[in-house]
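J.: Position chain W against the provided structure of chain H, taking the given hints into account.
In order, the protein sequences belong to chains H and W. Numbers given in the numbering used here equal positions in the first sequence, counted from 1, plus 1007. FYI, the numbering used here numbers position 134 of the second sequence as 119, with every residue one higher than the one before it.
These are computed hints drawn from the structure, not numbers from a lab. There may be inaccurate statements among the hints.
Calculated lysine-lysine pairs in the DSSO-like style (CA-CA distance at most 30 Å, straight line) [stated by the list, open to error]: (1) K1047/H / K377/W; (2) K1016/H / K1047/H; (3) K377/W / K1016/H.
Only some residues are given here: those of chain H computed to face chain W with a beta carbon under 8 Å [unchecked claim]: (4) D1021; (5) G1024; (6) Y1042; (7) L1052; (8) F1058.
Chain H stretches covered by chain W per the calculated footprint, using a threshold of three residues with CB under 8 Å from any CB of chain W [unchecked claim]: (9) 1011 to 1019; (10) 1025 to 1039; (11) 1043 to 1051.
Glycine included, C-beta positions come from ideal geometry on N, C-alpha and C.
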Amino acid sequence: MPITNETLKAMIRDYNGLELSDEELELVRPELENYFAELKKLEDLDLSDAFSGRLMNLSD
Amino acid sequence: MSNTDLLRMTISELAPMIKNKEVSPVELTETALAEADRLQPTLNSFITILHDRAMNQARAAEEAISRGHYAGPLHGIPMGIKDNLATAGIKTTVGSKVLADHVPEEDAEVVTRCRNAGAIIIGKENLEEFAAGATSNNPHYGAVHNPWGLDHIPGGSSGGGGANVAAGVTFASLGTDLGGSVRLPGTFCGVVGLKQTYGRVSQRGLMVTSFNGDHIGPMTRSVADSALVLQVLAGNDPLDPSTVPVPVPDYSAYLGKSLKGLKMGVPSNHYFDLLDGEVESAVRGSIAALEELGAELQEVSLPMMEYIGAMRIAAMADGVVTHEPYLKAHREDYGPDVFYRTVPGQFVLGKDYSKSLKVQRLIQAEYAQVMQQVDFLVTPTAPVAAPRIDAKYISINGEEHRVRGPGSGVISRNTSPMNAVGLPAITVPCGVNKSGLPIGVQFITGAFEEGLLFQVADNYENVSPSQGLRPAVAVGA
Chain H
1008 MPITNETLKA
1018 MIRDYNGLEL
1028 SDEELELVRP
1038 ELENYFAELK
1048 KLEDLDLSDA
1058 FSGRLMNLSD
Chain W
-14 MSNTDLLRMT
-4 ISELAPMIKN
6 KEVSPVELTE
16 TALAEADRLQ
26 PTLNSFITIL
36 HDRAMNQARA
46 AEEAISRGHY
56 AGPLHGIPMG
66 IKDNLATAGI
76 KTTVGSKVLA
86 DHVPEEDAEV
96 VTRCRNAGAI
106 IIGKENLEEF
116 AAGATSNNPH
126 YGAVHNPWGL
136 DHIPGGSSGG
146 GGANVAAGVT
156 FASLGTDLGG
166 SVRLPGTFCG
176 VVGLKQTYGR
186 VSQRGLMVTS
196 FNGDHIGPMT
206 RSVADSALVL
216 QVLAGNDPLD
226 PSTVPVPVPD
236 YSAYLGKSLK
246 GLKMGVPSNH
256 YFDLLDGEVE
266 SAVRGSIAAL
276 EELGAELQEV
286 SLPMMEYIGA
296 MRIAAMADGV
306 VTHEPYLKAH
316 REDYGPDVFY
326 RTVPGQFVLG
336 KDYSKSLKVQ
346 RLIQAEYAQV
356 MQQVDFLVTP
366 TAPVAAPRID
376 AKYISINGEE
386 HRVRGPGSGV
396 ISRNTSPMNA
406 VGLPAITVPC
416 GVNKSGLPIG
426 VQFITGAFEE
436 GLLFQVADNY
446 ENVSPSQGLR
456 PAVAVGA
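Next comes chain W alone, as it looks inside the complex:
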């Protein structure tokens, strides 16, 4: 099998071949590392590439298989890890100058779970400074470039991972999502991005910047691969009180199940209110396709979404508290976008913080009611396709909106609500715009219903116009 063929495969396709010794983890890792080296000058998607460590892991993975110790579908699979997830003995910068030399002593729990499943970590991926933004235009490590349009952002903050999965460098990448930071790179880079239910996956080893909105989730080349990665990540962590001891089902068992009779909710407000025309057209096409697949359309109203912006109040205060020690000791090491977006948190009053949490509860209650009426929701993932890297503002419906820094947030207006609500959400590619940039559709289900989420996403993926599309920089595209 050629290297080109290998690099174009999914985990679901590779796993049985690795298990049957038809594909060597050592050769696969060498191939992925060579592709990382080839594309790094173009995409700038890594902060650290782990050549020696990855090859050592790959040799150990291969030896284990030869001894009959196959650990499961991630065994021998090259993955990327966002550089805000702790890796023992490996620099973990969080995309910052402040932590440029930070070397954790322990792996994040999700990294441990991936290692135990036999995954090969080939590098630490570039991101927005402190994961605090949607562009991955990092002032210290350089901008990550979108494989579909190199002058465009890959989304953020997990932009390196999105770019790597789309370009065929990694077979999966772990990102983190506080306002859409897995799902936005997912939509802008044309890959699958998952934010599971809050409490489903341990956050231990992540520099969390909120009390109840941080999530760690995978970016993958297919919905089936997303299910395989979540299978490894999911579960209670006794050392992380945010996790919930809910049984973990077999997610792959949901793939291929029919959508006939499922109720599909389409919000009548917020999610379609501020939207680029091409994005709306693509997502409306997705809704029509889901109806063809048997889902029953039902419009739903979410009046409390008028107040969703109040979530930013709590985020401002949480953010400045997280950063306070660094801001006091290393103020000069911050880039302007993060500095001037973080510091205003010091002006948030306690009573306003409390109001923000009360609004969160009301919004959660409203979604809980809506999810009694429908099985899943469909929304656009982002209001636009990937903006240009040099754009400070984007125009939607004739209005100018900031892309990054103080006062920004329009890009994440459709993803950040699920960070406040905690329900699982996934983005799946649903076509490209006239410029050839990907568009994503977001599905949302009830709490801990990731199986149903994969069922919906997998059905849609099979009929998506994005099937078979690859960015020009990918090998063999």
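Looking at chain H on its own, in the form it has when it is part of the complex:
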């Protein structure tokens, strides 16, 4: 189920975000939909053995 405008507005209010009108929230939806779609894909991926950060060595 897509995240509601009410939830997004609550996040903005509670986390001191940038105010967006209902019309503007619709304009950011394509980017948010991409975000949620990518998260969905990660549900089946085991990340327990992955460490964040970049290690770029000559041997890479």
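T.: Using the frame of chain H, we list chain W on its own:
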């Protein structure tokens, strides 16, 4: 030598003539500035043209040579600099209205290195607003036009530089690449575009918008010229902790070396999955040509690429953090594409950001394994040739995809992975489509193996069907 002849040359051809005083940096710069003025109404490739400063630099460069102080292959060469790279005392807008009057006090490190090498900076080049997109259709400074088809985008975000190099205005331009912003103008404008290994070139003086994906790289008329420019840019910068103190080899020494026995990896997934037919045909032709040159074809699988889209999660959060002070103070000065693509970053949760970084590590590990099996990878640079400037969507294999703004990203699907992985990648022209628009092939090597990258790219360039092609707007075309 005529002005037309001068404007069609490469740095590699000009440098010995400048050194031997057969070509004057002053005359060369006058010629390049005149060409910039002639084409600016057509291409809109500059935000600022530096007539007086460039001529002063050119006179100083010429005097230095006359005193016997030749600084190397960039000495006396007119270059362009993307307008998100700091230039001391010169307006640096980052393509934005927010920073329209911003004048840095110091040069970016790469600009300093070019100046010290004797290069002449003739202008600050137009780009996507805040370098945040692939079209260079700037709402404040106007759209940059592709020299090969004026109704088409030059790619972005370093579109002004790509257009200038292709049209014969600059001999090299410095761009920046967070998702393909050097390589996309490279492919769409039919020039060579390089994104070197992360850590190879200082980012100091660039308005970076990510923690580990920004790169500064050259667009040039040839692979040999790309090697010459990287030679100047590369090296550790003690004031930029992202750079790595790895020795810088002589890149030009790799040019002309045979490809015999090198293993060429062709990905079996992702890179060829969503592709215009003419682009696929051109790139498959490149692969065949490389086999003829002695490279051994080996198919490689990159299963983790299924998750490459997760990199956008970190990019969203990084982007909004970078922009937060500007968004709060100058919200009304943003164009809609960048505003509505940036603001959603405020909804990214910390746990999702962390997941994105973990995915990045797994993808990096997979590429590190693959690069143990092969010497280099070959992919299409972009899935299509340059879309039209007025296109909001493009169709690939019957599916509609956004070109810019919120939800866009298909144009950079083959370039952005190397920003996440950090490996060096270069685009080289590999033909044109039926509309006469350029197509590019991308080569990728292991970390800090830019020499090998130039070796592969140079071999291919010599047999590319793009050899000798020039856009109609270029002088003498």
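J.: All the hints need checking, so say for each whether the structure fits it.
T.: For each hint, the structure was consulted:
This hinted pair checks out: K1047/H and K377/W have alpha carbons roughly 27 Å apart, not beyond 30 Å. As the CA atoms of K1016/H and K1047/H are separated by approximately 23 Å, the hinted pair is consistent with the 30 Å bound. The suggested pairing of K377/W with K1016/H holds, with an alpha-carbon distance near 28 Å, which does not exceed 30 Å. Interface restraint check for D1021/H: the shortest CB-CB distance to chain W comes to about 12 Å, outside 8 Å, so the restraint is violated.
For G1024/H, the interface hint holds, since its Cβ comes within 8 Å of a Cβ in chain W; the closest pair sits about 5 Å apart. A least Cβ separation of about 6 Å between Y1042/H and chain W falls short of the 8 Å threshold, and the interface hint therefore holds. The interface hint given for L1052/H is met, as the beta carbon of that residue sits about 6 Å from the closest beta carbon of chain W, less than 8 Å. Annotation: F1058/H was flagged as interfacial toward chain W, and the flag holds, the nearest CB pair being 6 Å apart, inside 8 Å.
A stretch counts as covered by a chain when three or more of its residues have a beta carbon under 8 Å from one of that chain; for the stretch 1011 to 1019 of chain H and chain W the count is 3, and the coverage holds. Closer than 8 Å: that is the beta-carbon criterion, and the stretch 1025 to 1039 of chain H has 9 residues meeting it against chain W, so the requirement of 3 holds. Here's how the stretch 1043 to 1051 of chain H fares: 5 of its residues keep a CB closer than 8 Å to some CB of chain W, so the rule of at least three is met and the hint holds.
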